[in-house]
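Chain B: place on chain A using the hints.
For the record, the sequence lines run as chains A and B. Counted from 1, the first sequence has number 225 at position 225 by full-length UniProt numbering; the numbering is strictly sequential. Counted from 1, the second sequence has number 197 at position 197 by full-length UniProt numbering; the numbering is strictly sequential.
Bear in mind the hints are in silico, worked out from the structure with no lab data behind them. None of the values given here were measured: they were computed from a predicted structure. There could be a bad hint or two in this list.
Below 25 angstroms or equal to it, Euclidean Cα-Cα: the simulated SDA-like pairs (lysine to any residue) are [as the list claims (entries may be wrong)]:
1. Lys155(B) with Arg133(A)
2. Lys375(A) with Asn221(B)
3. Lys127(B) with Glu260(A)
4. Lys155(A) with Lys127(B)
What follows is the residue order along each chain.
2 protein chains.
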Amino acid sequence: MFFTKLFSINEVYKILEKEQKILDLEVVRLENAYKRICAKDIVSKLDSPPFDRAAMDGYAVKAEDTFQASEDNPVELKVIDRISAGSASNKKINSGEAIKVNTGAPLPPGANAVIMEEYVLEKNDDKILITKRVTPLENVSLKGEDIKRGDKVIKKGQILRSQELGALASAGYSKIEVYKRPKVNIIVTGDELVEPKESLKLGEIINSNKYIMLGMVKSTNAIPNVKHCNDNPTQLKEMLLEAKEKYDLIITTGGTAVSESDIVVDTVDEIGKVFFHGTAIQPGKAMAFGKIDGTPIFMLSGYPVAAMVQFDIFVRPYLLRMQGIDFEHQIVKRITKKKIISSLGRTTFVRGIADDKYVTPILSKGSGIIRSMVKANCYIVVDENVEGIYKGEECDVILFNSFTLGV
Amino acid sequence: MFFTKLFSINEVYKILEKEQKILDLEVVRLENAYKRICAKDIVSKLDSPPFDRAAMDGYAVKAEDTFQASEDNPVELKVIDRISAGSASNKKINSGEAIKVNTGAPLPPGANAVIMEEYVLEKNDDKILITKRVTPLENVSLKGEDIKRGDKVIKKGQILRSQELGALASAGYSKIEVYKRPKVNIIVTGDELVEPKESLKLGEIINSNKYIMLGMVKSTNAIPNVKHCNDNPTQLKEMLLEAKEKYDLIITTGGTAVSESDIVVDTVDEIGKVFFHGTAIQPGKAMAFGKIDGTPIFMLSGYPVAAMVQFDIFVRPYLLRMQGIDFEHQIVKRITKKKIISSLGRTTFVRGIADDKYVTPILSKGSGIIRSMVKANCYIVVDENVEGIYKGEECDVILFNSFTLGV
Numbered sequence: 001m002f003f004t005k006l007f008s009i010n011e012v013y014k015i016l017e018k019e020q021k022i023l024d025l026e027v028v029r030l031e032n033a034y035k036r037i038c039a040k041d042i043v044s045k046l047d048s049p050p051f052d053r054a055a056m057d058g059y060a061v062k063a064e065d066t067f068q069a070s071e072d073n074p075v076e077l078k079v080i081d082r083i084s085a086g087s088a089s090n091k092k093i094n095s096g097e098a099i100k101v102n103t104g105a106p107l108p109p110g111a112n113a114v115i116m117e118e119y120v121l122e123k124n125d126d127k128i129l130i131t132k133r134v135t136p137l138e139n140v141s142l143k144g145e146d147i148k149r150g151d152k153v154i155k156k157g158q159i160l161r162s163q164e165l166g167a168l169a170s171a172g173y174s175k176i177e178v179y180k181r182p183k184v185n186i187i188v189t190g191d192e193l194v195e196p197k198e199s200l201k202l203g204e205i206i207n208s209n210k211y212i213m214l215g216m217v218k219s220t221n222a223i224p225n226v227k228h229c230n231d232n233p234t235q236l237k238e239m240l241l242e243a244k245e246k247y248d249l250i251i252t253t254g255g256t257a258v259s260e261s262d263i264v265v266d267t268v269d270e271i272g273k274v275f276f277h278g279t280a281i282q283p284g285k286a287m288a289f290g291k292i293d294g295t296p297i298f299m300l301s302g303y304p305v306a307a308m309v310q311f312d313i314f315v316r317p318y319l320l321r322m323q324g325i326d327f328e329h330q331i332v333k334r335i336t337k338k339k340i341i342s343s344l345g346r347t348t349f350v351r352g353i354a355d356d357k358y359v360t361p362i363l364s365k366g367s368g369i370i371r372s373m374v375k376a377n378c379y380i381v382v383d384e385n386v387e388g389i390y391k392g393e394e395c396d397v398i399l400f401n402s403f404t405l406g407v
Numbered sequence: 001m002f003f004t005k006l007f008s009i010n011e012v013y014k015i016l017e018k019e020q021k022i023l024d025l026e027v028v029r030l031e032n033a034y035k036r037i038c039a040k041d042i043v044s045k046l047d048s049p050p051f052d053r054a055a056m057d058g059y060a061v062k063a064e065d066t067f068q069a070s071e072d073n074p075v076e077l078k079v080i081d082r083i084s085a086g087s088a089s090n091k092k093i094n095s096g097e098a099i100k101v102n103t104g105a106p107l108p109p110g111a112n113a114v115i116m117e118e119y120v121l122e123k124n125d126d127k128i129l130i131t132k133r134v135t136p137l138e139n140v141s142l143k144g145e146d147i148k149r150g151d152k153v154i155k156k157g158q159i160l161r162s163q164e165l166g167a168l169a170s171a172g173y174s175k176i177e178v179y180k181r182p183k184v185n186i187i188v189t190g191d192e193l194v195e196p197k198e199s200l201k202l203g204e205i206i207n208s209n210k211y212i213m214l215g216m217v218k219s220t221n222a223i224p225n226v227k228h229c230n231d232n233p234t235q236l237k238e239m240l241l242e243a244k245e246k247y248d249l250i251i252t253t254g255g256t257a258v259s260e261s262d263i264v265v266d267t268v269d270e271i272g273k274v275f276f277h278g279t280a281i282q283p284g285k286a287m288a289f290g291k292i293d294g295t296p297i298f299m300l301s302g303y304p305v306a307a308m309v310q311f312d313i314f315v316r317p318y319l320l321r322m323q324g325i326d327f328e329h330q331i332v333k334r335i336t337k338k339k340i341i342s343s344l345g346r347t348t349f350v351r352g353i354a355d356d357k358y359v360t361p362i363l364s365k366g367s368g369i370i371r372s373m374v375k376a377n378c379y380i381v382v383d384e385n386v387e388g389i390y391k392g393e394e395c396d397v398i399l400f401n402s403f404t405l406g407v
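With the rest of the complex left out, here is chain A:
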């Protein structure tokens, strides 16, 4: 029932930072590590490439032997061995000799360059004619030129995209220690909520928050479980007491305003601690944060758009930091193509459509208008001290794509 003051965004962030929970670690096989978060700085066990190797198909030679070579004046060399990738020659090249190599094969001892096949004429089984000069190290990949043994290849907190997985493999790792994925219980409250169907009784509202929150939680790599709860404090209390044992984080939607039917915040206050109730953002004022025996709980609005804004601004950073990601919202500048109207005293998140230079605000009435989010690819962020932004002015934008954990 309390809503004594609205907490500013920065006050909320300070509380969340103080109450941030970080998850334990687990070891996963590299093939299952895509988009997981590396838990430690990783130092390479190996050089990559592990040896000087041929970067082209051709003949390993002493570069000096080719310095006089040209099409008119080919140089003859003796082929003393032929090796493919995956095998090595134990023969050493002396002046006047060559070894046939495939791309990736170790450079034989004595050789310092590879001449491409197309500049070589095969005279007979063990004689070739070189028609072009090569310089030392030409067509050679040097040992460790990509990764040196002992190099730090991946940093703690780094998201493992495809290329990071490749670097870890090359560094000799088949398993990797990562942060656990948060298990999140979503409890959607509201007597009026029903599953999607073709016709509704008067008073029934479709539970769209269930599907929205499932998607939002998945987008952070967390593992969601969703339940519905009536506006019944006893039922809610039971669900919360079960959730705080089984899950890493709880999200509720609905029941966060200040009328007597808004039971969520009072119920959490009864069995845990509420750190604040009410934030100075628009949409999304009716939100609270608490803990029940150490399990964080975000109490979001029942209005879909308000709940999405609350999620993106507060829950998303919290869930990502739980997994060891040092997440901060990335603000970029765009020029608005239309006047933006905002609420003085509250940081306003206007849905917008941005390209690389401009943004068009989406005009919509309230925090129930989910189609404004369907059209949008960004939030325009208007400071609480600003009343609006004129057409043609620069404004702050958070692109939804900036929430991605890498591709």
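The following block gives chain B in isolation, referenced to the frame of chain A:
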């Protein structure tokens, strides 16, 4: 063995467009539809909200009854009913009457506005005093103001983010028809390849492409399966013949250059059709595309960075289009902080680190340097007719984040 000419990017795109395969459809439950691709235009079965409803907790009234109300001159109304969200009143409000409503409750017949609780004094059980005037439709959400029955809510080819799932639920859908996810067989070729381990024999190379390609394929929502194959045409042929039956698409890495040990393109040519071999891109020249009995096969380079560029530029759009997404690369402009060196005659993809305004090219020697991809968040694209770009000039950039399928 063939490599008769290098195909330009546009020539390759034309071939791929002609040979594009599109997957069949399937119906999934809405809770499993996150990031799937909608297969049809979806028209709402319902209005959302489904009825005029209270947007605030308070009292439903006739606005006209409050026009004279003020703190000094409160207007008395009779409370004839109390309803919460999820239920409705069958009573009709007449002049001088009010019904207590919670947010989300249907607006009772006769009422045309809601006055917030905080402007109401409760006199006794069935009498209230109104201290502020409300205008007609104040604090009312009108039926259909978000979505109207018959409105197109989601378009064919749209990626289902959280908000699209919410809109579909509100439109009355619990299931949705989407494109199937492509099943992709990745065949990594090379005798020299071994799994990650702490020490290597001379000639052995760690199979990093396995992990890189697993990640790349996952990033397109496709379902990967990965196998290793030696440089052995018989083994490869067997694997390909099995793969073309079981999978929607095949990706190979390695064996695409033109020496006799490069067996992949010849093998595909023997059992299927090769449409081109060799593209005018840098890195990534050694690539081919074919079909084996209608199953598309992308033959990528064995060099990790070359294979990643080939994937991002050609395979990624193909895999996304298979799922019904009308994907095009998004080119944005950035100012380069350093000189960019490129290859005349080939479209060059230089790895870069971009912010919202600038890009810094990553200098690296070859297409084996996976760390250049670890540092990068974009490609700088240099046209085949351009030899380089000076520091301070604008250049074309593809941000890796633009590959995301929405968050």
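Hints, one by one, checked against the model:
1. Pair hint Lys155(B) plus Arg133(A) does not hold up; C-alpha atoms about 61 angstroms apart against a cutoff of 25 angstroms.
2. Taken as a hint, the Lys375(A) and Asn221(B) pair is honoured in the structure, with Cα atoms around 22 angstroms apart against an allowance of 25 angstroms.
3. Note on Lys127(B) and Glu260(A): the hinted pairing holds, with a Cα-Cα distance of about 18 angstroms set against a maximum of 25 angstroms.
4. Between Lys155(A) and Lys127(B) the alpha-carbon distance is near 67 angstroms, which puts this suggested pair outside the 25 angstroms criterion.
Violated hints, in rising order: 1 and 4; the structure is consistent with all others.
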